[in-house]
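2 protein chains.
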Amino acid sequence: MTSDEQLNQVRERINTIDAELLRLICERASCAQDVAKIKDAHGEAVKYYRPEREAEILRRIKLQNPGPLDGEEVARLFREIMSACLALEKPLEIGYLGPAGTFTQAAALKHFGHSVHTQPFGAISDIFREVEAGACDYGVVPVENSTEGVVNHTLDMFMRSPLLIAGEVTLRIHHHLLSTATEIGAIRRVYSHQQSLAQCRGWLDRALPNAERIAVSTNADAAKLAAGDPQAAAVASEAAAELYSLRVMAQRIEDEPGNTTRFLVIGPEDSPPSGHDKTSMLLSCRNEAGALHRLLSPFANQGISMTRIESRPSRQGVWDYVFFVDVSGHRAAPDVAKAITELRGAANLCKVLGSYPEAVL
Amino acid sequence: MTSDEQLNQVRERINTIDAELLRLICERASCAQDVAKIKDAHGEAVKYYRPEREAEILRRIKLQNPGPLDGEEVARLFREIMSACLALEKPLEIGYLGPAGTFTQAAALKHFGHSVHTQPFGAISDIFREVEAGACDYGVVPVENSTEGVVNHTLDMFMRSPLLIAGEVTLRIHHHLLSTATEIGAIRRVYSHQQSLAQCRGWLDRALPNAERIAVSTNADAAKLAAGDPQAAAVASEAAAELYSLRVMAQRIEDEPGNTTRFLVIGPEDSPPSGHDKTSMLLSCRNEAGALHRLLSPFANQGISMTRIESRPSRQGVWDYVFFVDVSGHRAAPDVAKAITELRGAANLCKVLGSYPEAVL
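Line order of the protein sequences matches chains A and B.
Counting in numbering that gives the first Met the number 0, the first sequence runs from 0 upward without gaps.
Counting in numbering that gives the first Met the number 0, the second sequence runs from 0 upward without gaps.
Isolated chain A (complex conformation):
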């Protein structure tokens, strides 16, 4: 067979697959409409978006994926298919921390797919307000950045908002070497946040062994300094390169590719159990020796693992500190429920912010 004949054969096969894919995608959309009709006929309050069911499906897809596409990629395709099917019933309105083009918008689209309508807001408090008022179905806000630490404003909002956490999204963040220099040999100084420098240590040791490393308070500051000094480079994001007209001299120079930023999905309800869930809560106790240790003991007693703890000074004057705690497991699970009951007896404040599926993508 000539190469053209072989190619035509494969292309015919692709055409057949495409026709079958189209049929199945449309059948899936019809099923989604059937679900809505059944609920409607039984007078149920129709809740189209089911985060726990979507998480289950995505996990199953990743598990069953035979390749050659990687698990993330097939899960992303299924996210888009589910997003399109959901939008048939009612396109979700998603508020996010703007401006457009930020990581938070990327997180919103990663979580809900591209068939939703996203709306940027200028402040985290605006997003809480819009979701509370029902103008948006859900909001997406940043909460944790492994380079810049916790986004405090989001945590503060939870102290006074009735909204719950319905999901989490993680995004991988990459570091690049940015400079105005035309060749890497000209670089004498590298600016960045301490943590970013640490995350790229191996690469910097190899590529720029003699350049001085200077820690500054943010990666954006580093980019600004590099923009004014032809012998300097910054370790920062692509966005910073653009903002300060720097060249990307080397891409993705982080030693471990696991640098992530975390976002939370906020809504009027949290999520039913999906099988792999987290629960977030706000806790507070008086500032006494051993108080925090005692406070957290119900988790240890139930064998529940804590995935994160952050302390924040309380703004309400009554307690000295408020702790944001994430644990593994859903609040409906017996062990988590028991720990929460114990906590409610012991803590000055115990506010469950919601249970939601662990990020799948």
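These are calculated hints, taken from the structure and not from any lab test.
Where a beta carbon is used, it is the ideal one built from N, C-alpha and C, also for glycine.
Per the computed footprint, the stretches of chain A lying under chain B, defined by three or more beta-carbons under 8 Å from a beta-carbon of chain B, are: (1) 24-38; (2) 83-97; (3) 110-119; (4) 236-246.
Result set (DSS-like, lysine-lysine): computed pairs, CA atoms no more than 30 Å apart in a straight line: (5) A/K89 <-> B/K61; (6) B/K38 <-> B/K89; (7) B/K109 <-> A/K61; (8) B/K223 <-> A/K223; (9) B/K109 <-> B/K38; (10) A/K109 <-> B/K109; (11) A/K89 <-> A/K38; (12) B/K109 <-> B/K36; (13) B/K89 <-> A/K109; (14) A/K61 <-> B/K89; (15) A/K61 <-> B/K61; (16) A/K36 <-> B/K61.
Got chain A sorted already, so can you dock chain B onto it with the hints?
Quick look at chain B alone, frame taken from chain A:
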């Protein structure tokens, strides 16, 4: 059957469909790998991205789509599936006019799907340079905006660049009523570009019959004016609302939902015939009475329809005007080829900028 039983039945059906979809998507990705292997084995220059083939597939999908999803939505899902399969071989590097979050990035992702790597550049000339140098596989640049007219800088670049047009992308643009006012009754004045006011006339007649309409030079200027006047509103985009902290008082108020912006995909080669193509070219003639009419007669003689013509003053001093002309049909088609041959004899300048599939999505 109870509603729960009915729902479980539909959900089981969805699970079966999902397993089948996963199998087919992965098989499709394997086929894409086979195509690469066959080409490799025959020592062919492997060109993975085939714009004409993608356009054919998307057109077929839209034609065969039985619903309930609309044609745009299924085509978008197939775009993503093709994008993921293509990225298995070699993820495309796409330069676009930044910053991130602009319509041009949206156009790049709409055309290539989300499995490519997009890189923002600050100027249209930078994108041409990076694609010419091979640092990017393709570039995406704005060329036409039905509200703001042609993007002249892009057209000027084509006069001196060897790059060709490999595709076009259109995006629908929506108009919103933006204001600092809390209710619509307070609005006495509406600012916007003349064309945007015209595009929303029906809505403005109904909702704001007594408000004065004031034409200004851009919609961004309108938003700025509205930001400083509590009795004013602007007709502008969501991005303008955000930039000037205006509230979106009414969404998508355009009378016809067909307001689009057009972008071009530039690359080292144009596209082979897909069945529904356009050809863009640069033409010039001396400024004499009837010259343009004579120049264009080969198109008329061959029955070729012209979809756009724009005149630009030439910067090269030799000709008075340069015309950018788009016609229906591929330059490999006999009628277009014949017209081009005739043009080459008659025009001072006849530079074919490329043939490419008409935008499908």
